[in-house]
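With these hints in hand, go ahead and build the complete structure from the sequences.
Sequence order for the protein chains is A, B, C and D.
Taking the numbering used here as reference, the numbering of the first sequence is continuous, increasing by one, and the terminal residue is 704.
Taking the numbering used here as reference, the numbering of the second sequence is continuous, increasing by one, and the terminal residue is 704.
Taking the numbering used here as reference, the numbering of the third sequence is continuous, increasing by one, and the terminal residue is 704.
Taking the numbering used here as reference, the numbering of the fourth sequence is continuous, increasing by one, and the terminal residue is 704.
As the list makes no split between identical chains, a pair holds if one copy fits it or if it spans any two.
Pairs of lysine-lysine, DSBU-like flavour, derived with a Cα cap of 35 Å:
id : residue 1 : residue 2
1  : 588       : 301
2  : 588       : 688
3  : 635       : 536
4  : 404       : 703
5  : 689       : 583
6  : 494       : 574
7  : 588       : 536
8  : 635       : 431
9  : 404       : 431
10 : 466       : 404
11 : 494       : 329
12 : 528       : 431
13 : 466       : 583
14 : 528       : 688
15 : 583       : 528
Because the hints were derived from the structure by calculation, they are not lab data.
Number of protein chains: 4
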Amino acid sequence: MTETIVKIDLSKSAYENDMIHNRWHPDIPMVATVKPGDDFIMECYDWTGGQIENNDNADDVRDVDLTQVHFLSGPVGVEGAEPGDLLVVDILDIGAFQESQWGFNGFFSKQNGGGFLTEHFPDAQKSIWDFNGMFTKSRHIPGVEFAGLIHPGLIGCLPSKDLLDTWNEREKELYDTNPDRVPTLANLPYADTAHMGRMKPDEAKVAAAEGARTVPPREHGGNCDIKDLSRGSKVYFPVYVKGGGLSVGDLHFSQGDGEITFCGAIEMAGWIHMRVNLVKNGMEMYGVKNPIFKPSPIKPVYDDYVIFEGISVDEDGGQHFLDVNVAYRQACLNAIEFLTKFGYSKAQGYALLGCAPVQGHISGVVDVPNACATLWLPTEIFDFDINPTAEGPKKMVDGTIDIPLSKDKE
Amino acid sequence: MTETIVKIDLSKSAYENDMIHNRWHPDIPMVATVKPGDDFIMECYDWTGGQIENNDNADDVRDVDLTQVHFLSGPVGVEGAEPGDLLVVDILDIGAFQESQWGFNGFFSKQNGGGFLTEHFPDAQKSIWDFNGMFTKSRHIPGVEFAGLIHPGLIGCLPSKDLLDTWNEREKELYDTNPDRVPTLANLPYADTAHMGRMKPDEAKVAAAEGARTVPPREHGGNCDIKDLSRGSKVYFPVYVKGGGLSVGDLHFSQGDGEITFCGAIEMAGWIHMRVNLVKNGMEMYGVKNPIFKPSPIKPVYDDYVIFEGISVDEDGGQHFLDVNVAYRQACLNAIEFLTKFGYSKAQGYALLGCAPVQGHISGVVDVPNACATLWLPTEIFDFDINPTAEGPKKMVDGTIDIPLSKDKE
Amino acid sequence: MTETIVKIDLSKSAYENDMIHNRWHPDIPMVATVKPGDDFIMECYDWTGGQIENNDNADDVRDVDLTQVHFLSGPVGVEGAEPGDLLVVDILDIGAFQESQWGFNGFFSKQNGGGFLTEHFPDAQKSIWDFNGMFTKSRHIPGVEFAGLIHPGLIGCLPSKDLLDTWNEREKELYDTNPDRVPTLANLPYADTAHMGRMKPDEAKVAAAEGARTVPPREHGGNCDIKDLSRGSKVYFPVYVKGGGLSVGDLHFSQGDGEITFCGAIEMAGWIHMRVNLVKNGMEMYGVKNPIFKPSPIKPVYDDYVIFEGISVDEDGGQHFLDVNVAYRQACLNAIEFLTKFGYSKAQGYALLGCAPVQGHISGVVDVPNACATLWLPTEIFDFDINPTAEGPKKMVDGTIDIPLSKDKE
Amino acid sequence: MTETIVKIDLSKSAYENDMIHNRWHPDIPMVATVKPGDDFIMECYDWTGGQIENNDNADDVRDVDLTQVHFLSGPVGVEGAEPGDLLVVDILDIGAFQESQWGFNGFFSKQNGGGFLTEHFPDAQKSIWDFNGMFTKSRHIPGVEFAGLIHPGLIGCLPSKDLLDTWNEREKELYDTNPDRVPTLANLPYADTAHMGRMKPDEAKVAAAEGARTVPPREHGGNCDIKDLSRGSKVYFPVYVKGGGLSVGDLHFSQGDGEITFCGAIEMAGWIHMRVNLVKNGMEMYGVKNPIFKPSPIKPVYDDYVIFEGISVDEDGGQHFLDVNVAYRQACLNAIEFLTKFGYSKAQGYALLGCAPVQGHISGVVDVPNACATLWLPTEIFDFDINPTAEGPKKMVDGTIDIPLSKDKE
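Shown next, in the form of structure tokens:
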């Protein structure tokens, strides 16, 4: 029977568990050591460490303490792993705990992190998703059910000290260009809420002050939020410290490309089953800077889509130069508008794009001045037909249900 | 037998054919009128109108006159089409001419348009691709062969006068922010090389001065360069003028997401077979601003990929804020580096990413400050195995062949 | 939390559990009643009720008591279900028990049931498969690993008395044409080893004498062994008795089309999570005699195959008339021969065709006198490349390992 | 430009073209010789050589002379091909002639060949299919349109004299068991209508008396009618004579597994573009007896199905022993019954199963006494939704159109 090398207790704070950490630092001690070829299971808190509850009130999303995120399980050492190697991780399976078959999606208040469409959705909102075997649906968004494309939002190896310094420097530099921006330009080290795993208190105090926040994806992978890193995929991670130090968390039951709602995917606590191997000296042999990976043979296939285009002209008519973000934002807004024709609120539409396995493609990035991006909305996740017809759309959702909203406190 | 309503003669200049135009203007006369439900064929020049030849010299790519592009066939009027409708276009088939079974891909000189990676590839280069039935390979890039994902790079309806004015204003505004930039920020109207189809000379002269250039994708679709608009797909185009006025051109035998080489895909002359229908008042009924479409059931399926991540830290270590372009550029550069390990030159790698059906996904756009993009490289297009192994890569390409390069003239 | 309405204890005999039965009879009492729309979990013994063990000895396969099979969980009643309805079953998930992450495949001795190729493999053999998350591999067949296409081999509703009588009559009639045949032509009712669930002893005794054996698929579905009835699929079962009476068992981690090894797939104990609904009067409305179903969106996709043809000329050169069984047997033998070129024993090849998600297509059934069948072998399940090349196959398996065999007792 | 090595003139009889033949014989002279690595085009008559016309009358199907079929193009010699080699054929593309964009499907009269369901459809009927680019629809079967899965029904190399003798002997032996059967058990050599290509008259006369008929699939491939041998696939054919002698014909625009209507698929005249290579001594190296092949990356993907089960109990309740033909016949009849609920005639349903890309799977062949087969009907080919719902089916086809029928002459 496969060993579970990190166990958690959802009824206790993540801070009490020394196999958890929420900052990146080369000196966080390994919680276990495995051999190449081994497979093992790690249990994970949801990314907020349990701050969000299964109820119909978005206050917890509004009041979330984002300095705590993300709670990661690990790091796990791999015998023989050395800087320059590639750590090959087969994601063999992922699941929610039997007693916790649900997840959440939310929009943060613009004052507390926001999201991709925060100008349009400035208030905290959340939706709860129940898991039914391999499928999920939400009591807050009627008429949809889909199979989970379960994946870890955050996974990677510990950075070296040099790499950590590089991260801190470049992000500080950006931050300093507009330190008062809301939402912030970057999340700098913040010691108060750091959880440094098994580091001794004195060392932890020092490390916490320089430990990188877990929010952005970086060279090592990290918070890539790539929906396709799903169970069945095979990932090659750069190794920067002896032993590698693989940490993982932020499990998602499902997510759309872009994780546009920021909070984020369908977020859940659960477990992940992995196997590790090494490609010695793989970084140089294959010229690898960021992780590379191979897709899973066992992902949900929703093959029929309605696809929305967006170009880099913003919603006020402003012309941007080859800006894919603006283009993708337009594609998202176009999809949300389309969904309202079937009776959904805009917030329900936004949540759906964050949760369902929508694809976001970079379609054109050279035809000055407009980038073109496409948002692929799978039609088969709906209980009714959303394909355009000559007769026009039917209101299939009656508008009596919306997703909970909590206004900012005065 | 299906009628060919636009015929072309590749041995003659596109300017001599009055069923061709290379600017967008509401007053360009229809070249034919069809009924809803009709299917028909239109022949198309390649986007440059024959400026690039099937040889091993990139001078023609270096010296291309980009003020001439793109040569479009049409516009075709549809009975009953009125502003506010959606014109439904089934792309039934697309092909190259029997006597012209080849296409080209190129990088423009940085001084003449450049491309997505123009800082890395500042000189004009080109590769020629031979078509073998549904497949293609290039004498300039050994070891790859793949099925065509044939599609029109450019298709859409005529703009209204209001829409045209909006385009010209916003693009001029951007252009004026840095009129000396090389490459240019936007291509403004340019009368000298305009081809206004069947407009009478006097009217054409006036219209040419305000006709929008065909380079960028815009609200009507236009030069979207969406590889998935392939034969078998169904597209819903906004209608802005009576009759719609559907024009099409810039046929591609294959292209990767982003069309990163700008010149661009595997470009070809050929024909397109389409069927049209109407959704009356569809723009309002479905809330459609940009075209929406449905994918084809008959596209090539390359299901095994090596996937490269990129984040919005540029190649000099500069930190950008959630910039998907920077992230996708990194993913592309990572893929090119990887390909060199098998013996390809960087230019061959770059060309491959522009030509082969690679996918570009917007993976994360909210995890400040780093956007994350992924480049999906299909493994099955190669004659050899490019999957990473513990043994490392083998040089399968011996480097004796490269793609032609032409330095800028002094 | 979803209710588990049938629980089992693997350490106890299936005969001790009154929520289990191994015969079909209309009077077997429901073990629970659910409402349309409900989802629930049922635990299941492996089809033999635990006769086969996780070891390297095939004696248990040789000595299996096939009069006991299959041990089914249920029947479950559905409120409002009446004869003539269709019971809609969504298979939401299926899994092995955490403490029992393995399965078995075997060939029965020709004297005890045989299999599709029993003339070529007359002795009992078995292979053990370990489950690693969503994947499996066997210590008896090196070089292969694949994702589970998990499904119930046997599922359906209780027959009416009339239907039961029809079954018994027609099978007896066939049996009587050659009662001494080995293997047998049909398995007739057999009271000695019958387990009639919660029937009272007296009634059970009578019913056992007429209860249909569970071996063949019949009008109600039953032992269809359709690999595509996997988790995520939706099945419409005919209802013959009030309440429906849904029973299920014979869980398979994976299986090839045809279940050619008879014992059978990768057989396992585990649990199944289902949701039920009704289409009232659906049998007549849709003209349904046998179950119909829809495939899952979340099945493993192995898209690259080597495909073997077979025609209805047998291995001795005998000409058969449009016989698909003979044709498929040839295709299977051709595939096994091919696999030996890479170092596998014929028995390993046979086991692979029974376990891996191979497809069996009926390709031609009208071109007298030869039927044509095809066997699709997915290439991606192998650790090495099995595609034919000009260089010829390499022995990738060294022949030191074979699957255990137990000769018949004298 | 690719060379067309066999040209045909649809206005002339196939008998006048010496690059055509309709029997298999080792001595038929090559019509051209190509080198390994070459690609070339061959034009092909429809299988009947033009006996069936594009009209609304089934008399031509009733009166067809089946002793003439199939008219094949070739044989083509390949330099260096020797007995024991594998001839690797890449099917690069296939198409209908521009002036002949249509095909036919028919049921033969029971007295003249019949079909898989001839007891249910004893009269001659036909449907005409128009091709619209990559798609087809029929004026005789409203409400369906689908993409072509274009393939050659018949392709293979010339047999050796020994192999020819084996064929003739075993088929004669079967024929003699019931020489009066209608339809016949086998089609024996028949000199009167033989077309022996470029053989000299005297030699042709002798060879015609022993030339094998082209109807059944055999060891060399031949009339396999495998829908998946579509453009983009790669086939490995056994070589039996020096030069190989590749012949091809019986092009199909689309076909369902089993080609159950016998006449057959959507039959058409057209051209095929192929590339050839050799695996020297491949038959022994890979243990190949029948052709093996790899599927195309560019076939139509219809991923949503309603799937029908059938078991080996015939329509009169008769019990058969593990007979896949009976099981598949039941699955087909079940699907036809289902389609009538939407308004189709049974004949329209039958024709659809012969023409559309339905799959036929061998699901279970070991659970005595019932085989289980499944018929997969793609839902996306219909203009309306055929999925079962609680509301029941709607008559979407009004029954005013049926497919033409011609009664047998008295």
